[in-house]
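Here's the letter readout for the chains.
2 protein chains.
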Amino acid sequence: MKHIHSAKNPQVKQWKKLSNKKERDLTGSFLIEGFHLVEEALRENRIEEIIISETKDIPPSWDYGETSVTIVTDEVISQLTETEAPQGIIAVCNQLEAAVVTAEKKKYLLIDAVQDPGNLGTMIRTADAAGVDAIIVGTGSVDIYNSKVLRSAQGSHFHLPIIRGDLKEWIGRLKEADVPVYGTSLDRAQAFTAYKPSEAFALMMGNEGNGVSKDLLAMTTANLYIPLYGKSESLNVGIAAGILLYYLRK
Amino acid sequence: MKHIHSAKNPQVKQWKKLSNKKERDLTGSFLIEGFHLVEEALRENRIEEIIISETKDIPPSWDYGETSVTIVTDEVISQLTETEAPQGIIAVCNQLEAAVVTAEKKKYLLIDAVQDPGNLGTMIRTADAAGVDAIIVGTGSVDIYNSKVLRSAQGSHFHLPIIRGDLKEWIGRLKEADVPVYGTSLDRAQAFTAYKPSEAFALMMGNEGNGVSKDLLAMTTANLYIPLYGKSESLNVGIAAGILLYYLRK
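Sequences listed follow chains C and E, in order.
Under the numbering used here, residues 212 to 461 are what the first sequence spells out, in order.
Under the numbering used here, residues 212 to 461 are what the second sequence spells out, in order.
These aren't lab readings, by the way, just hints derived from the structure by calculation.
Backbone N, C-alpha and C define an ideal beta-carbon position, used for all residues, glycine too.
Just so you know, not all the hints are guaranteed correct.
Stated by the list, open to error - Each computed EDC-like pair below joins lysine to aspartate or glutamate, with the alpha-carbon atoms no more than 20 Å apart:
(1) E:Lys359 with C:Glu444
(2) C:Lys227 with C:Glu260
(3) E:Lys442 with C:Glu286
(4) C:Lys359 with E:Glu444
(5) C:Lys227 with C:Glu277
(6) C:Lys359 with E:Asp327
(7) C:Lys213 with C:Asp285
(8) E:Lys359 with C:Asp327
(9) E:Lys442 with C:Asp285
(10) C:Lys233 with C:Glu255
(11) E:Lys442 with C:Glu260
(12) C:Lys442 with E:Glu250
(13) C:Lys228 with C:Glu286
(14) C:Lys224 with C:Glu260
(15) E:Lys317 with E:Asp344
(16) C:Lys442 with E:Asp344
(17) C:Lys316 with C:Asp344
(18) C:Lys442 with E:Glu410
(19) E:Lys442 with C:Glu251
(20) C:Lys442 with E:Asp327
(21) E:Lys442 with C:Glu250
Stated by the list, open to error - Reference excerpt, derived from the structure (chain C facing chain E, CB under 10 Å, subset only):
(22) Arg336
(23) Phe369
(24) Tyr406
(25) Ser409
(26) Ser445
Using the sequences plus the hints, can you model the full thing?
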């Protein structure tokens, strides 16, 4: 095992750069924090290296085989962490390649320009719970590998494939594969209960303020809305995704 | 209209005390912030007084009649605000008395020990959207009038009655009024889809970590769970409430 004592070590600086999306994309890597996330990533063979505080131990039950482990000081951890009370364990993971997802008769969640990391993370966690097979995130959304997105998703990043993709291309591909694609909109849409649950569908959720973009809504099989029975003006996008995914799935 | 220039004015100190739950309960009042919330509260006759920055104006469309208005400096506003970018308008509102809610053949949401203000606020907003008639919050929950709860609920506090109550008493009362009371639990519970939507029901959601307390689960008509189809270990309590409220309602 390697040891790094100084926060000025060039390796620490290189890891720290991964808090930046550009660097993540250049290297195809991202950072995760905490025992729960690292364990989930390990199980799915997604870890490149583990960075652990000298005051912590890797749980004996973990099967980390040949994975590179570096032991560091708490000062190094505090340089790398994005939380106030770091657990003392961080890992470098590899991003998924978009090619792992193909258009088949399965369940998909498409994300158009969702900007709040908590909302995207919660939707990833909810999609996992609802048995969604893949999530495709279009341009204009917060990054899949943003640390807050990773935290809110509570490990679901390692439970189902989440990739970036061109939503126009994906809507085309999915429709060609006979998967109905449902947009969400308050305008020219039908109550979701007008549609029947099915084993294959794609649900598209949109930006917190503006919803799904008009270009994309024009390409879908149908657009759905959730009726508002009280005096509320809208639902949170994560809540709406939960209601629709659990309704549409069979 | 009154004018207050100094943040040291005893009236300002009195308002400031309302950030504390004890003081809110003693006075039966609470503070709200921002034009949207104040407008909603005004429409429902819930405002005792409006506090506005000398740099802002009350929108001409507002019908505030005899409501007391105090004009203050931005320094006073910054003493009272809990946001980083205050809109310059605050109001003192009156709390609802528990007696406004009675057990009838309607829709209820019962809250047992939900502690995160964002979760409680989102559930209030979602219940409003789903056409719930009243929300009853038991002991151990974050305060209904906590400023973060008010912000996340986006005005729904003024759309349906939200009261504090003894959940054991309420479960009894609702069952007596022939309203089925559904707890939520992963243990000894049935998939929610085993139950039919209805016009009258009470749904009880519980603490983020421990769920609904066992004492209460033992008193319900039935306990429901949401199946987890993927590898996710749980759903966020607000998301779960959204899925269940939209499923159970008719």
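To see whether the hints hold, each was checked on the structure:
1. A distance of roughly 19 Å separates the Cα atoms of lysine 359 of chain E and glutamate 444 of chain C; the hinted pair therefore holds under the 20 Å criterion.
2. Between lysine 227 of chain C and glutamate 260 of chain C, the direct Cα distance comes to roughly 14 Å. Compliance with the 20 Å bound is thereby established for this hinted pair.
3. Of the supplied pair hints, the one linking lysine 442 of chain E and glutamate 286 of chain C is violated, its CA atoms being roughly 34 Å apart against a limit of 20 Å.
4. Distance restraint check for lysine 359 of chain C and glutamate 444 of chain E: the Cα-Cα separation of roughly 19 Å lies within the 20 Å cut-off, and the hinted pair is therefore satisfied.
5. Of the supplied pair hints, the one linking lysine 227 of chain C and glutamate 277 of chain C is violated, its CA atoms being roughly 23 Å apart against a limit of 20 Å.
6. Taking the CA atoms of lysine 359 of chain C and aspartate 327 of chain E, the gap is about 17 Å. The hint holds against a cut of 20 Å.
7. About 15 Å separates the Cα atoms of lysine 213 of chain C and aspartate 285 of chain C, which keeps this hinted pair within 20 Å; it holds.
8. With a C-alpha separation of about 17 Å, the suggested pairing of lysine 359 of chain E with aspartate 327 of chain C holds against the 20 Å cut-off.
9. For the hint linking lysine 442 of chain E to aspartate 285 of chain C, the alpha-carbon distance of about 32 Å lies beyond 20 Å, and the restraint is violated.
10. About 25 Å separates the Cα atoms of lysine 233 of chain C and glutamate 255 of chain C, which puts this hinted pair outside 20 Å; it is violated.
11. Annotation: proposed proximity of lysine 442 of chain E to glutamate 260 of chain C is violated, straight-line Cα distance about 24 Å (limit 20 Å).
12. A C-alpha spacing of about 14 Å is found between lysine 442 of chain C and glutamate 250 of chain E, which places the hinted pair at or below 20 Å, so the restraint holds.
13. Restraint check for lysine 228 of chain C and glutamate 286 of chain C: the C-alpha separation of about 17 Å stays at or below 20 Å, so the hint holds.
14. Restraint check for lysine 224 of chain C and glutamate 260 of chain C: satisfied, since their Cα atoms lie roughly 15 Å apart, inside the 20 Å limit.
15. A threshold of 20 Å between alpha carbons decides the hint, and for lysine 317 of chain E with aspartate 344 of chain E the separation of about 6 Å falls inside it, so the pair holds.
16. Among the hinted pairs, lysine 442 of chain C with aspartate 344 of chain E is consistent with the structure: their alpha-carbon atoms are about 11 Å apart, no more than 20 Å.
17. Using a Cα cut-off of 20 Å, the hinted pair lysine 316 of chain C and aspartate 344 of chain C holds, with the two alpha carbons roughly 10 Å apart.
18. For the proposed pair lysine 442 of chain C and glutamate 410 of chain E, the alpha carbon gap of about 18 Å is at most 20 Å, so the pair holds.
19. Proximity of lysine 442 of chain E to glutamate 251 of chain C is assessed by CA-CA distance (about 10 Å); at most 20 Å being required, the pair is judged to hold.
20. Under the criterion of a C-alpha separation no larger than 20 Å, the hint pairing lysine 442 of chain C with aspartate 327 of chain E is inconsistent with the structure, at around 24 Å.
21. Distance check on the hinted pair: lysine 442 of chain E and glutamate 250 of chain C sit about 14 Å apart at the alpha-carbon level, within 20 Å; holds.
22. Here the hint on arginine 336 of chain C is kept, as its CB sits about 6 Å from the closest CB of chain E, short of 10 Å.
23. Here the hint on phenylalanine 369 of chain C is kept, as its CB sits about 8 Å from the closest CB of chain E, short of 10 Å.
24. For the restraint placing tyrosine 406 of chain C at the interface with chain E, the shortest Cβ-Cβ distance is roughly 14 Å, beyond the 10 Å limit, so the hint is violated.
25. Interface hint at serine 409 of chain C: violated, since its Cβ lies 14 Å from the closest Cβ of chain E, which is beyond the 10 Å cut-off.
26. Nearest Cβ of chain E to the Cβ of serine 445 of chain C: about 8 Å, under the 10 Å cut. The hint holds.
Checked against the numbered hints above, the structure breaks hints 3, 5, 9, 10, 11, 20, 24 and 25 and satisfies the rest.
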